[in-house]
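Participant: Use these hints to put chain P with the ligand onto chain F, whose structure you have.
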Amino acid sequence: MDQLLTQIQNYYLFAARFLIPLICIYLLLSCARRLFASGKNQTIARLVMQDSAVDFDITSQESAIGRSAICDIRLNLPSVSRRHAVLTYNEKFGFKISAVGNAEIRVNDIPVDGYAYIQNGDVVELGGVKFCLTAVQDITSGSHSAPRRSKGAVFEAVMLTLFQLLAFFEIALHYQTELPVSVAAAFGLLIIGEWIYFAIRRFRGNIQIEILGLFLTTFGMLVAASAAPSSTMKLLLCAVIGVGLLSGFCFIFRDIELTMKLRYFVAGATILLLVVNLIFGENLNGARNWIRLGSVISFQPSELIKFAFIFVGAATLERLLTAKNIVLFLGFSCCCIGALFLMRDFGTASIYFVTMLIICYMRSGDIRPILVILAVAVVGAVVIINVMPYVTNRFEAYRHVWEMAADQGYQQTRTMIAIASGGLFGLGGGNGNLYKVAAADTDLVFGFVCEEWGMIAAFCICASFIILAIYAFKCTRRTGSAYYAIAACAAAGLFIFQASLNIFGSTDLLPLTGVTIPFVSNGGSSMIASWALLSFIKAIGQQTGPTLPASSPAGRGVTSRRARI
Amino acid sequence: MKQMSLRAIVMLIISGVFLAGLIVFCCFYVTDASDWALYPANTHLFNDGQISRAGKITDRNGTVLAQTVNGERIYNDSRSIRKATLHAVGDLDGFIKTGLQSQYLGALCDYNLIDGVYQLQNTGNDLQTTLDADVCATALEGLGNDAGTVGVYNYKTGEVICMVSTPTYDVEDADDVQKAKDGAYAGVYINRFLSATYTPGSTFKIITAAAGIDTFSDIYEREYVCQGGVEIDGEWVSCMGYHGTQTLTEAFAHSCNAYFSQLAVDVGQQKLDEFAQKAGFNQSFAMDGISAATSFFDISATRDIDLAWAGMGQFTNMMNPLQYITMLGGIANGGSTPNPYMVESITSPMGIPLHINLFRGSTTVFDSKICAEVTELMRNAVKNNYGTWRFPGLDVCAKSGTAEVGEDQTPHSVFVGFTTDEDLPLAFVVLVEHGGAGSSRACNIAASVLQSAREHVVF
Ligand SMILES: [Zn+2]
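Taken in sequence, the protein lines are chains F and P. 626 is the number of the first residue of the first sequence in this note's numbering; add one for each residue after it. 34 is the number of the first residue of the second sequence in this note's numbering; add one for each residue after it.
Incorrect hints may have been included.
Label pairs and their computed distance ranges (CB to CB) [said to hold, decoys possible]:
1) Lys212(P) <-> Tyr651(F): 58 to 68 Å
2) Asp215(P) <-> Leu647(F): 46 to 56 Å
3) Gly301(P) <-> Trp1027(F): 45 to 55 Å
4) Leu903(F) <-> Gln211(P): 50 to 60 Å
Derived by calculation from the structure, the hints in this document are not laboratory data. Just so it is clear, CB atoms sit at the ideal spot from N, CA and C, and this is done for glycine as well.
The shape of chain F in the complex, shown without the other chains:
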């Protein structure tokens, strides 16, 4: 009986190890093709220039108006500032025009102080040029939450499930009769759960984002099933919580005004959580970054705060242009990074730091201060490496791991041995030997995936992050708000940087810092945080339905308020 099962395992593996990478590649290509399909910008409304035949189509919820070439609506006139005004659309309040700095704006000949809400037919005057805001009926009618990609993602969903089944059977055949029930249940629930989710979403919208997330999560569960089977179910539960958060956040993000208000609350909560962590945190593997609640639940606040960090850091175009207020964010960043330093979690601190740089650049567009900060940080890092013995010790082995294969280079050399052993197609789920090394399923997870599932599969994980980054880039142009753009780019950048630190750290191309690969490394907090971060990337491609009432019943009164800075 055992012999027969072993024979089946051998021959199943012989075929599956080629099939799985093939399906992974096909799945990714298919997702990328759908995600990168260039969406057409919808015209929300039109600005008709008076005394002239020039019209401007408004295709985004946020449009910059000014003389500069990078403005969405370019008025190349000396009387107009480089960045003169921002036109914002919001579902609740309709259109709103905000002046940049002290720029002069008049609505229906009344001077505007700060910003004003405008309606269909209102005449806006910028630097002597008059426009009339006109609804575009034929385009807007029926465009409300119009599913551009009506085809749906059934095919990708089927490929994903096929991959999950093939991979699960490898694990099952590895354990043979000793397969833990919780592992089988976790994979069963994963597949059932994802199909329920797909059904609810009707396979529509940019659901490929969730498919990529589930693809990565599957690898996380496969690693857990092999390295620490008892944690597989926990990981699934965290993924379910993560998907719930993603749905919730995406719902909140639709209301950009509410999102902007929530930022202050989230920032406060974050700092509170960090303080709690600093006081009650527990030390695990040299870093005081764990909080224990009762006897069952323990989590890493530094993982969860990644979401809050980006949530607080991103801002709308209006905010960016009217209030160039980056100091508050920098202060907040320093609090977070400083707290991580105190916890001695330098890997995560560097992730926060890079995320901060991306956000700063996306907000200011200015590369010089970023370079200055980077230079200071490099000097700081060198000092820390040379002064702090705990860190120095870690960096000693860098680029000399084979000479220190028995001590400081132990983890890296074992990772490279695992990678070479796995080859391109892997040795099959559960057949690796890396699990004997400490942190194999977290810090060294790249080697773990390479050994059991092969380098092609591991590169598919990398490709998923690259697809997400390119998606964030492609959507920036057509997304509703700068908030989404900044947040999505920051999240995708964080994923890639974190994956880089893990992959190149464990293979000795960079010093080993001990960070996780999002979704893939075994860890509940990391799983939840990864899904929460994915919601930023999901949100950037979301179709927030722009509807402009053809004729406003609410009257034409101009409401003018003093802008709050």
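Facilitator: For chain P with the ligand alone, kept in the frame of chain F given last:
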């Protein structure tokens, strides 16, 4: 939002850097992954740092030299065969760097870049050598407790049937292994056949004779006088005996130092150098991709007396056994010979051949006319000096050497040559460190090894 999309180009840059990092990693993978996989800490292939998954290594008759049974490496049952083939097969710790278990570890374990260490049967690949275990054991018996090496190969096909290096130890005897590790046997991890160089002694006269044949058309009429030696540059070069007036044939048979030192001087620096290069000195040799030590010959800017010593195989000359045996094979085979090899085949458990032998190449030494004349000189040396009775049933051409290696030290005993039998075309090199006269110790070993080959080996 135009502004934002310009700034978002930073995402492409970040992705590009990430991709570049992955490409760098791939480059390291291509160049270094075999070192990673074959590192003794890889528990897929090693157990406690010792090879645990590798296929069989067999000799030419299928006798198992080493195999893996239940994750443990087991060598041949016979202690003398284990010891005799140790340097060819290799030890368990990888100390013998030129052993097949080091050099062909990837193939034996079935590691490759594409599949890693995956193998359906999980047994590794089998490697068949061209060696003959019994002939090797005979050679080891002859060498006894002395350091030295014996190599024998078929100069028509390149098959190496015997390659033994001493001192050696028994890998299955824990005490012996420990003694080897403790340094009880000097240079025990070195395969002397591949990695050592020795003073060639009088065997170098083969090359000097070849240079003489090429230089003087009347070489056989040319005579030099031996007065128990000869004076060159005011220095006395002594001879083993008082040979009187000598021709080349007589001098070669008696190994007359006086004759050859004068011939070397007359042949001249340039010609001697040319023939040493042709013989393979200062060239790199390799067997199955395993590099051998390079022989050394340098007589630039030397006096006549140095030239004379060089022509007799002393001075700074150093030969490598692999280079030497290839030269002898070349002479025997009429000018050129297939390069020696010992890896006959590597076969996967499914029976798929994995080792293609198309590119072994061949080595050319002297013109066929010179080779034929040198062969006659060597045949004559056996007839008139060493005695054909030592080699019953075989037609052997040979030259002995007694290589001086310093004051107060017994010289190395060297005996090299080849058989000219159609069905047993073997070239051989026998070297016993501090073994005394080449015509006795090394010659006896050569005789017994050749008899053993005659009994056991069929080509
Ligand atoms: Zn003489």
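Participant: With reference to the structure, classify each hint as holding or not holding.
Facilitator: Cross-check of the supplied hints:
For the pair Lys212(P) and Tyr651(F), the supplied restraint of 58 to 68 Å holds, since their beta-carbon distance comes to about 60 Å. As the Cβ distance of Asp215(P) to Leu647(F) is approximately 54 Å, the hint placing it in 46 to 56 Å holds. Checked against the hint of 45 to 55 Å, the C-beta distance between Gly301(P) and Trp1027(F) comes to roughly 52 Å, which is consistent with it. Hint check: Leu903(F) to Gln211(P), Cβ distance near 56 Å, so the stated range 50 to 60 Å holds.
In this structure, none of the earlier numbered hints is contradicted; all agree with it.
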